[in-house]
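Undergrad: Read off the chains here:
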Amino acid sequence: MNLKELYQEIILEHGKNPRNLRKTEGFNKDAKGNNPLCGDNVHVYLKLNGQKIVEDASFEGSGCAISMASASIMTDLIKGKNEHEAKEIVEDFLGMIKENPELKSEYLSEDEKTKLMCLSGVKQYPMRVKCATLSWHTMVSAFDEKTEEVKTEN
Amino acid sequence: MNIDQIKKEFPIFDEKIQNNDLVYLDSANSSQKPKVVVDRINEFYTKQFSNVGRSVHYLAVAATNLYENTRTSVQKYINAKDKNEIVFTKGATEALNLVANTLGQSYLQEGDEVLITELEHHSNYVPWHFLRKSKNIKINFAEINDEGEITLEEIEKKITPKTKLISITHLSNVTGAILPVKEITQLAHSKGIIVVVDGCQGAPHLRLDMQDLDCDFYAISCHKMYGPTGLGVLYGKKKWLEELPPYQGGGGMINEVKKDRISYGELPNKYEAGTMATAQVIAFDQSIKFLESIGIENVMKHEADLVNYGQELLQKNNSVKLVGNPKNKGGVLSFTIEGVHPHDIATILDEDGVAIRAGHHCCQILHDKLNIPASARASVGIYNTREDLDQLNESINNCKKIFNL
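Residue numbers (my numbering), protein chains in the order written: chain A, 19 to 172; chain B, 97 to 501.
Treat the hints with care, as some may be off.
To be verified - Partial selection, computed: residues in chain B whose CB lies under 10 Å from chain A: (1) His437; (2) Thr443; (3) Gln460; (4) Ala470.
In case anyone wonders, no lab produced these hints; they're calculated from the structure.
For glycine and all other residues, C-beta sits at the position ideal for the given N, C-alpha and C.
Let the sequences and hints guide you as you build the complete structure.
TA: Here is the structure:
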């Protein structure tokens with residue numbers, strides 16, 4: 019266990035000053051997620067343009083430093099990606115958080131990979147994995163236009 | 097009273113938890129178990145096991161006697177009038193569900209009002225919500241004051257001519273407030289209102305005297321009382337338990353079963369359908385003996401000292417804010433740190449071997465009222481020391497350091 023790995027500067031910084039913590043004006047996709055065990059909740063908003071590219075992504079909600087930082091980093095790097103690319107990135111991220119040692123997606127720049135790898139510290143904290151993944155599951159739900167609230171237990 | 101000696105009776109404190117000595121501050125969630133309780137479960141399964149109340153062979157009779165001995169011990173411990181007022185359940189949650197379900201079947205009518213409080217654990221709200229759905233009863237909430245207390249005056253204010261039942265916690269698992277249950281019961285009874293008490297936090301930490309409290313029902317969680325999991329106790333006044341219908345149907349709770357009619361067994365069998373948590377019940381006798389050997393007055397004195405000490409420490413700690421400040425308070429210290437989410441607090445404290453709970457503690461209504469999504473909670477038991485609270489404070493300081501506060 020290593021607290022320093024979990025609470026890296028970049029996580030603390032994003033946790034304290036989350037990017038895109040707002041509601042996108044004119045959003046056309048959104049979904050809600052919550053973690054019933056701890057009461058954390060998130061609402062993800064996406065605005066896709068005519069070419070189905072994410073023009074803007076944002077979120078509202080409250081939670082721990084890990085969940086806020088994760089949603090902050092996610093909404094930042096998903097801008098400019100299309101649905102297919104975004105979903106592949108989600109898969110890649112979830113795989114990395116659970117078991118994979120690194121990120122593989124060709125849609126991620128080296129800089130984006132470095133940022134996301136800052137969240138890899140949660141691997142050692144099984145109870146905290148859901149904090150990092152809630153906003154990602156919720157974004158997929160927004161793409162798929164699911165009306166049910168996402169509930170993340172893992 | 098020698099706390100170091102008492103602590104030695106709990107084998108878990110011999111363990112290293114992630115290379116740390118365990119500082120266990122999560123007893124409001126569940127207490128640790130003394131060796132006598134653990135050993136009793138082992139001994140029963142190893143040397144004495146049989147199902148109870150069914151067969152006539154030697155082991156069955158002996159096991160039945162042991163099982164019933166615990167019932168008598170509980171009766172004496174809580175000063176109930178009659179042994180048959182003690183019903184074993186799978187937990188306090190089931191005890192409260194039993195009360196709500198059976199009162200819903202045969203006592204509460206559409207339009208009746210149930211008064212609970214904003215302090216209630218979900219297990220003393222959701223069962224009444226079921227009746228709100230199925231029987232159209234109304235649920236009213238007594239509100240907390242600024243200190244996180246529920247006063248007798250507030251209860252009185254919320255009673256209406258339609259109030260049929262008041263269901264309240266004895267001791268809040270978040271603010272630590274101890275409710276004036278005896279006075280509330282007197283008031284309620286003067287108006288013909290039934291009183292149900294969620295005693296989960298009360299039972300391990302307060303002196304229990306059912307005849308003095310005079311409430312109609314009292315729910316106990318055994319695993320918070322240095323006892324095994326999977327076991328609760330429902331105390332109910334005999335007149336109620338006799339009058340109300342059974343809760344679950346099955347073996348053990350019947351008198352006679354025919355194709356066209358069924359009659360039910362006498363108390364307490366009527367409410368103990370199926371094979372019960374036999375080993376747990378038998379081991380729970382040791383929990384009671386353990387508490388009796390220390391003496392509840394000593395438990396209360398020790399825990400009051402701990403909570404006063406901890407409260408002073410945390411009040412002096414910048415950016416730590418205590419949740420509630422009741423005058424009459426049990427061993428619970430809930431707090432928030434400005435700028436650090438409770439889950440982050442709990443993870444960082446855990447690294448030092450300090451086990452606390454973070455979240456809404458099954459009290460979402462209360463956290464909504466306080467306008468906080470969650471809180472961190474340190475709660476004490478008989479094995480805790482002032483040093484544990486010093487460590488808590490030190491780990492909180494480490495947490496502040498990590499978050500650059």
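Undergrad: A separate judgement is required for each hint: does it hold in the structure or not?
TA: Hint check:
Given hint, His437 of chain B at the interface with chain A, holds; its Cβ is 4 Å from that chain's nearest Cβ, closer than 10 Å. Hint on Thr443 of chain B holds. Least Cβ distance to chain A is approximately 6 Å, under the 10 Å limit. Checking Gln460 of chain B against chain A: minimum C-beta separation of about 7 Å stays under 10 Å; hint holds. Contact between Ala470 of chain B and chain A, as hinted, is supported at the beta carbon level, the nearest pair being about 6 Å apart and thus within 10 Å.
In this structure, none of the earlier numbered hints is contradicted; all agree with it.
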